[in-house]
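In the order they appear, the protein sequences are chains A, B and C. Number 102 in my numbering belongs to position 102 of the first sequence; there are no gaps in the numbering. To get my numbering, take the position in the second sequence, counting from 1, and add 1000. To get my numbering, take the position in the third sequence, counting from 1, and add 2000.
The hints are simulated quantities; they were obtained by calculation from the structure and are not laboratory data. Note that the coordinates shown come from a computational prediction; the quantities given were computed from them, not determined experimentally. Every residue, glycine too, gets a C-beta built ideally from N, C-alpha and C. Take the hints with a grain of salt, since some may be wrong.
Claimed, not checked - Below are the EDC-like pairs computed for lysine to aspartate or glutamate, each with C-alpha atoms no more than 16 Å apart in a straight line:
#, chain 1, residue 1, chain 2, residue 2
1, A, Lys-63, C, Asp-2344
2, A, Lys-63, A, Glu-47
3, B, Lys-1051, C, Asp-2127
4, A, Lys-139, C, Asp-2064
5, C, Lys-2055, A, Glu-47
6, C, Lys-2054, A, Glu-47
As the list claims (entries may be wrong) - Residues of chain B clear of chain A, computed beta-carbon distances all greater than 12 Å:
#, residue
7, Phe-1029
8, Thr-1049
9, Leu-1069
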Amino acid sequence: MSDNTSNSGLPDEKDISRAMPSAESLAQSPKAVIECFQEIPCNPCVEACPRGAIKITEGINQKPSIDHSLCNGCSLCVYQCPGLAIFVVGIDRDNPSKGFISIPYEFLPVPEKGEIVDILDREGVKIEEGTILKVNDSKATDRTRVVTVQVSSGLLSRARFIEMKRRTK
Amino acid sequence: MRIEEHPVLTFKRYKKIVFYFEGSPVEAFEGETIAAALIAGGTATFRVTDKHQRPRGLFCSVGKCASCLMVVDGKPNVMTCVTPVREGMRVEKQKGKGDLT
Amino acid sequence: MKRQTDIAVIGGGPAGLSAAVEASSFGLKIEVFDDNFTPGGQLIKQTHKFFGSKKHLCGYRGMDISKILLQNCASAGVTINTEACVTGIYGNILAVLYPERFEEVESKAFVVATGASENCINFVNNDLPGIYGAGAIQTLMNVFGVVPAKKVLMIGSGNIGLIVSYQLLQAGVKVAAVIEALPNVGGYLVHSAKLRRMGVPIYTRRTITKAEGDGNTGVNSAVTSQIDPNFNVIEGTEIQFDVDCICLAVGLTPLSDVLELAGCRMKYIPELGGKVALHDEYMKTTRDNVFLCGDVSGIEEAVTASLEGKLAGLSAALYLSHEYREKIEKSRLQILEELRIFRDGPFGEKARKGNEKLVREYKYER
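Isolated chain A, as found in the complex:
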C-alpha cells in the first residue's frame, strides 16, 4: 500500500471541469463557479441569486445547479455560500490573456486594491502572482470578504486562493 493518501479532501477533476462555464458564456460576462459536489443540507445560494440562476429543486440536500446563461457574475452568492465554495471567474475583454477570479476570504490582513499577492491552486501551491482588483468588505458580506484578483485566463480553472505577502503585526 503506497502512502499517497495525503491528497484527500479535494473535489473530483471531472466535477471541477463540469462546474466551469464554457468559453462562449465567459465571453458574455463573468460567471459563478459552484464547487459544491456533495449532497449536503444547505440552500442559501438559491436565494442569494437575484436572477434565479441557481437551483435546488427538491428539498435542501440536492446539489445546486447553475444556469450560466442567466448568471452575470454579480458575486452576491460568493459570500453567502456558508461552504465558501462559490467563485466568480471572468475574462478581461481588452486583454483576453488576462482574467480575474473573485474568492471568499476570511483572513487577515484584508487585501487592498493594487496589492500584489501569490495565487494558489486547490492544493495551496503558488501558480503565479496577481494584482488585487477589488475588495468587497461591506456590511452585507459579514466578514466573508470577496476579493477579486487578476489571474492569467489559462489558470482560471486552477486558481482558488491567495496568499498575502504582507503579514499582520
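Based on these hints, arrange chains B and C on the given structure of chain A.
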C-alpha cells in the same frame, strides 16, 4: 498567547487583573477562566496525577473531564476551566488528590 | 418552600434554548439551567456561517445565532440560570449545584438538552499537556481569544476537525496536517477544500500512535502511522510531526447521565454516538414528563438540535396543557417535516437510521 487581531471576531477584554500561579504573578482579564489565563501565559501543566505522577494540562475546557483540577485559594479539585479568574487568586498545581490541611 | 416551575430545561445550547422559546408561547413558566457561565452551549464558539436554509438561520455565524436565541428567550420571559449544574432529576425535583450553594427546584416537566462530551482515543502519552479536545481549542480561541499553540496536528476529519482546523488558521496558528483513520474525509468536501487550498494536507487511513513531550512545555511531537483496513498499524509508515499541540476531533458521546438517573429506559445506539434514552418521534422519553433534544438524543449538529428542541418544547407544553392541542400538534408535524428534509441527504443517514431504531424500540417498550 492572546489573539490581538482576528478576521471574524473582536474580543472584549475587561479589566486587567493579577493572580498568582505557584506564587508568581500572572496577568489576566476579568471574565476569563483560570485555565484560559494560564494557557495565555504559557503554562502547560496544571496538575500531577496521584499514582504515576503524570503531568496533566487542560483537555476539555467545559467542565466535563478532570484534567485541569488545581488548588485555588487552598481549595483542591477546582475545575479551573469553568472557574472565573479573580484578582489576587492564589492558584497552585495540584499534586495527587489534593490536601485540605 | 421549594422554587417551582412548569418546565425545567437542562442545558442552554441550541436545543435547550429552542425548546424554552417554543414552550414559552403557551403561558407556561420556563427555566433553563446551564452549567456554564455564558449560555449558548457550543454556538458561542462557532465563527463560521451555518448551513441549512433560511428558516434555520443559515448564513448567520453560530455565535450570532446564539445571540438571537438568547434574545428570543429574554423576550419570551424565559429565566436562564447560569453556573447551574444539574446533578439529577428525582421524581419532580431537580437538584442544582451552583458554585457556592445547592438548590432543589420543583418542576412539572423536564426537557433534557445536556449535549455531548468529547471522545478521546488511545495512543502512547495521550494524557500529555498540549493534547486538547476540539471544543476546548474552540473555547480558548474563539471565546477567550487565547491560542494554545503555534502548530497543531488535527486528529479526525469530520466536520468538527475540518472547521476547527480552519478556525486555527484564522487565529494565526499553523495546522501541520489533518489525520483520518477512515479511507475518506468524514466531513463536508467544501470544508476540506478550504483547508487544502491553504496548503494543509489531509492524510487518510492514518492514525496517531504516540505523543512526545514533557510536563514543562507539553507536547513537542506526534508520531502517526498508516493503518490497514482492519485498523492495524502498518510498520515502516511513520510520519512524525513537530507540533506543540494535538487536537482530538474524534467524535462525541451523548451526556445522558441525567436521563438514566431519572429512570428513562436507555439503549446503546452506535449511529447516535452511545447510550441514549428511548423516545418517540416527538422527543418524549419512557418517562411521561421527561423530554430530550439535541446531541443527548444522538450526535448530530446545531440545526437539527434546534429543531429537536422545538419538538421537545412543544411536547412538554402539550403534556402540561391540552388547551392548545390542535395548534401544537400542527406545529410538531411541520417541524418533523423540516427535520426529514434536513436529514434527507447522505450526511443525515446515520441520524435517520439511529432515530428509527430508537423510535422502534420505544414503541416496543410501551
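Structure-based check of each hint:
no. : hint                    : verdict
1   : Lys-63/A x Asp-2344/C   : holds, 12 Å
2   : Lys-63/A x Glu-47/A     : holds, 14 Å
3   : Lys-1051/B x Asp-2127/C : holds, 14 Å
4   : Lys-139/A x Asp-2064/C  : holds, 15 Å
5   : Lys-2055/C x Glu-47/A   : holds, 12 Å
6   : Lys-2054/C x Glu-47/A   : holds, 9 Å
7   : Phe-1029                : holds, 20 Å
8   : Thr-1049                : holds, 36 Å
9   : Leu-1069                : holds, 36 Å
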